[in-house]
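Mind docking chains B and C on chain A? Use the hints.
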Amino acid sequence: MARISLSSLKHSYLPNPSNDADWALKELNLNWDDGGAYALLGPSGCGKTTLLNIISGLLNPSHGKVLFGDDDVTGLPPEQRHIAQVFQFPVVYDTMTVYDNLAFPLRNRGVDEKTVGERVSEIAAMTDLTEMLGKRASGLTADGKQKISLGRGLVRTDVNAILFDEPLTVIDPHLKFQLRSKLKEIHQRTANTMIYVTHDQTEALTFADRVVVMNVGEVVQIGTPEELFETPHHTFVGHFIGSPGMNVIPCKIDNGKAVLSGVSVKTSNKAATDVKQAEIGVRPEFISFAKKGLEVQVTKVSDAGRFNIVDAILAGNPIKLLVPEGSPIPSETAHIELKADRTRIYCDGRLAGLEGAA
Amino acid sequence: MNKTVNQKAWFFVLPVLILVAFNAIVPLMTVVNYSVQETFGDNVFFWAGITWFEDVLRSSRFHDAMGRQLFFTFTILAIEVPLGVIIALAMPRKGIWVSVCLVLMAMPLLIPWNVVGAMWNIFGLPEIGLLGKTLNTIGFDYNYTRQPGDAWFTLIMMDVWHWTSLVVLLAYAGLVSIPDAYYQAAKIDGASSWAIFRYIQLPKMKRVLTIAILLRFMDSFNIYTEPSVLTGGGPGNSTTLLSIDLVKIALGQFDLGPAAAMSLIYFLVILLMSWIFYTVMTRNEEQ
Amino acid sequence: MLELKQVGKSVGGTVHIHPTDLAFEAGCFNVLLGTTLAGKTTLMQLMAGLEKPTIGNVHFNGADVTGLPVQKRNVSMVYQQFINYPNFSVYDNIASPLRVARLPDSEVKRRVGEMAELMKISAMLDRRPSELSGGQQQRTAMARAMVKDSDLILLDEPLANLDFKLREELRDELPKIFAERNCIVVYATTEPTEALLFGGKTAALHEGRVADFGPTSEIYRRPASLTSAKVFSEPPINIARVVKKDGRIFLNDEIHWQADKALSDGEYTMGLRPHHVLPESAQKSDVAIKGTVKVAELSGSESMIHFDAFGEDWVSLSHGVHPFESGQEATLYADVSTCFYFDGAGKLVAGGPVSEEG
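Protein chains in written order, with our numbering: chain A, 1 to 358; chain B, 1 to 287; chain C, 1 to 358.
There could be a bad hint or two in this list.
[To be verified] Taking lysine-lysine and the DSSO-like style, the derived pairs with C-alpha atoms no more than 30 Å apart in a straight line are:
| hint | chain 1 | residue 1 | chain 2 | residue 2 |
| --- | --- | --- | --- | --- |
| 1 | B | Lys8 | C | Lys52 |
| 2 | A | Lys65 | B | Lys94 |
| 3 | C | Lys5 | C | Lys347 |
| 4 | A | Lys266 | A | Lys339 |
| 5 | A | Lys65 | A | Lys114 |
| 6 | C | Lys230 | A | Lys320 |
| 7 | C | Lys347 | A | Lys300 |
| 8 | C | Lys347 | A | Lys176 |
| 9 | A | Lys10 | B | Lys187 |
| 10 | C | Lys347 | C | Lys261 |
| 11 | C | Lys109 | C | Lys120 |
| 12 | A | Lys176 | C | Lys230 |
| 13 | B | Lys8 | A | Lys176 |
| 14 | A | Lys320 | C | Lys245 |
| 15 | B | Lys8 | C | Lys72 |
| 16 | C | Lys244 | A | Lys320 |
| 17 | C | Lys109 | C | Lys52 |
| 18 | B | Lys187 | A | Lys26 |
| 19 | B | Lys94 | A | Lys10 |
| 20 | A | Lys135 | B | Lys8 |
[To be verified] Which chain A residues stay away from chain C? Per the calculated CB distances, all over 12 Å, these:
| hint | residue |
| --- | --- |
| 21 | Ala204 |
| 22 | Pro225 |
| 23 | Lys270 |
These are calculated hints, taken from the structure and not from any lab test.
Just so it is clear, the structure is predicted and the values come from calculations on it, not from any experiment.
Just so it is clear, CB atoms sit at the ideal spot from N, CA and C, and this is done for glycine as well.
Excised from the complex, chain A in its bound form (with noise of 0.2 Å):
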């Protein structure tokens, strides 16, 4: 196990990149921690998975250094680097029962059968697959399979960190809410650094201790998801986190403060004295109707479940906010308020009084 540091590292697709489209990872540099739940949250095309298989050394990457701990391994294949990779579609061993595929990476390493047979089964016993030991792995269900190529990425006792790229893509939805917490629960039992790429925020914030969200291959944040959730640095962030996502609605600066069809709103930040136009980001949850307050037009209402989400349009901008089961919704023109310190101020997309990156 060890500490995974990216330094400088950039990549691009193409032999000659010119201009910043050609790159598909911008120059970034991180650093995760020995033993730490992380995702790789963004969507389709942002350069998630080009960072997974550069860390996995599936790809060289055209500039820049990766460090597992304090070694370069940057020039090394996979198989030197001490790292599993589960993938997107399982990849199990047709012809061998469970047992032996889970035993597999131990035998290719020649480690004798009894402290194999303690091992797979331990690793069956944390991956439930303890009754289907003796049956051929191509009977099994996708979620068994995908079962089985975590287990043979955890049954090693020489890997640096598991890396999973979208792992429940094809799993069956009912299933997929199971698998999910098994591997959190996994990830808590084993302490191996886990890397976790997807596009599903569920499975990245229910997973991961802490989260990158990319866009466009860079880095936009990095944080806890209470912290992702709760102060986006960025409307990309805000949009892209919770379901519905953070609602951004252009206003008008006064001197620092936001100001919304002429009525001022109280926001947790303030913006640069020289700004004059910016937007405002809070998230449906902290909008509520009230007595008085901003006006609002109320075009739909849908029933989630447990809440409400109510369709509404402020000073001409479509929002959204959410209502808990059993409240009243107004129709028509209503009134809401903003929470204060939840609502914030941001120029050009990113949050305004904030310094420096991420």
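For chains B and C alone, coordinates are given in the frame of chain A:
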């Protein structure tokens, strides 16, 4: 999913049906007809029942030919299948060399079969053929026109040269369809090349290999042109395979009855063995 | 109106769809909700005429269309895999059904333009599908399905292969797009949240049977059977066996609560949705449940706590971050006023949340 039933389709198929009936079914029925009758010429026929069948099945000539045929078929399968797989494994999967290799592999398959026979005929001639002359110079006493052993050697070499490419192309297609992730996962698991072959490549190629083996089996059992041009069945009858023997009886001796019976037996043997092969190989898959 | 009268489908000896009666009307989203092999796709194929039912009839606007092949019906279908003609441009793709119907070019141009505008792909009209992103390809497929002005549009999990955020976006747009048209829309999905957000009517499917059919809110809040409650719950509904006697309901000797007078004595299966099991007590009638936490999934805005109590695996879903350690003993509170009670046959006998407007 049910496709729409459209009766008009029959009209498209009818011309072909008529053609096939004319060229295949009717002649086949003629053969059946001949196989149960005896003639002394002049279109006079006597009912012979299963006489011809009995004769053929009892004749040592038939047994010998069958024996030679089986030896031939199993020898070439034993050589061509492993060799084909090895070559397919060695072929590049990406890059410009892929097209070059595929073309090289396809070339032997494009040559007309009698030309193949003629090529090897000349190639093997002890005085003027490249192979023949070289072997004799090295010290081997090689003459395929005189020695049965040499004739068999040449026959088998010719078939391997001609048809291994088929196995290569089929196996290659199977290999190429294996997603990269499998190789990556195997690398990460620390698997050796042998382990990768045994646990990933071979299982994934099983289907295509079944087809390749079946095709080679049927074709080699049917083979006529190349050995006929190469050795004519000689020296003596040492390389007279079933089809060559059949033609000798039917056209050489003009014994239509036995020839017809032999054809039918031949046909049924191939059918039976192909079915057995196929069932055995696909049953393993279902387990 | 599309009616399925005792429609069933068997292949070989296996029954894929048990005899079913369903009626779908235009003007609202009709959702087929169920897990992957529940029979949604088969049912849709029966509705479209791609498959013939083994028994039963399909009626459209009163006329029996059971034997009618799909080409003669006015049906469109959108699939999970973005299916477009790869060699046609987006324009030609959308125009293809109109050209098959031999409409004049000017009419084709007008309608394609309109549809592209609606689906927001006007800028892509001369590109090929392979040059588009996943979301854009799916929009093209939908545009092609809708330009025909069909009487019946079937959507088979069309958003399943899209990124999380993209799914949200399209989910918002779809009802608006279909609101204008007078066609019957049938939408298959595995996610209860989607069914809820669309509103309309939902048929809950399980193993080839329709467990429930009706207005979505009602099915959600008053599931007719245990199966229906299970299908329509994500995370999975918490269940346990209980006994009612002496005016109280007993889960086990320690956990019991006041029962509704209307319920007769006996054994029942109770169902409690995860968002009614909370780490903190909300009202006095809440019942305390002691258990061992297996894993706590924290997503920054919500906490999903999997715990082991009285031999069952239960899940609690709550707002905010409630960190628990694996293996920790914890007490959670169940709002039993929202419990459902199902009898031995799985039918709902009592329960449901406090009444609210649908």
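Against the structure, the hints come out as follows:
Between B/Lys8 and C/Lys52, the direct Cα distance comes to roughly 21 Å. Compliance with the 30 Å bound is thereby established for this hinted pair. A C-alpha spacing of about 28 Å is found between A/Lys65 and B/Lys94, which places the hinted pair at or below 30 Å, so the restraint holds. Pair hint C/Lys5 plus C/Lys347 holds up; C-alpha atoms about 23 Å apart against a cutoff of 30 Å. Taking the CA atoms of A/Lys266 and A/Lys339, the gap is about 8 Å. The hint holds against a cut of 30 Å.
Pair hint A/Lys65 plus A/Lys114 does not hold up; C-alpha atoms about 39 Å apart against a cutoff of 30 Å. Taking the CA atoms of C/Lys230 and A/Lys320, the gap is near 29 Å; set against the 30 Å cutoff, the hint holds. Among the hinted pairs, C/Lys347 with A/Lys300 is inconsistent with the structure: their alpha-carbon atoms are about 33 Å apart, more than 30 Å. Between C/Lys347 and A/Lys176 the CA atoms are separated by roughly 28 Å; this keeps the pair inside 30 Å, and the hint holds.
At roughly 25 Å between alpha-carbon atoms, A/Lys10 and B/Lys187 fall within 30 Å of each other, so this suggested pair holds. A threshold of 30 Å between alpha carbons decides the hint, and for C/Lys347 with C/Lys261 the separation of about 18 Å falls inside it, so the pair holds. Among the hinted pairs, C/Lys109 with C/Lys120 is consistent with the structure: their alpha-carbon atoms are about 16 Å apart, no more than 30 Å. Between A/Lys176 and C/Lys230 the alpha-carbon distance is near 16 Å, which keeps this suggested pair within the 30 Å criterion.
A distance of roughly 49 Å separates the Cα atoms of B/Lys8 and A/Lys176; the hinted pair therefore is violated under the 30 Å criterion. For the suggested pair A/Lys320 and C/Lys245, the alpha carbons sit about 46 Å apart, so the restraint of at most 30 Å is broken. At roughly 17 Å between alpha-carbon atoms, B/Lys8 and C/Lys72 fall within 30 Å of each other, so this suggested pair holds. For a cut-off of 30 Å, the pair hint linking C/Lys244 to A/Lys320 is broken: about 43 Å separates their Cα positions.
In summary, the hint linking C/Lys109 to C/Lys52 is not supported, as the alpha carbons are separated by about 36 Å, beyond the 30 Å threshold. About 28 Å separates the Cα atoms of B/Lys187 and A/Lys26, which keeps this hinted pair within 30 Å; it holds. For the given pair, B/Lys94 sits about 26 Å from A/Lys10 by alpha-carbon distance, which is consistent with the 30 Å threshold. Proximity of A/Lys135 to B/Lys8 is assessed by CA-CA distance (about 51 Å); at most 30 Å being required, the pair is judged violated.
Consistency note on A/Ala204: stated as away from chain C, yet its beta-carbon is not over 12 Å from all of that chain's, at 9 Å minimum. The claim that A/Pro225 is not at the interface with chain C is violated, since a C-beta of that chain comes within 12 Å of its own (minimum 3 Å). Residue placement check: A/Lys270 keeps its beta carbon more than 12 Å from all beta carbons of chain C (closest about 25 Å).
Violated hints, listed in ascending order, are 5, 7, 13, 14, 16, 17, 20, 21, 22; each of the other numbered hints is respected by the structure.
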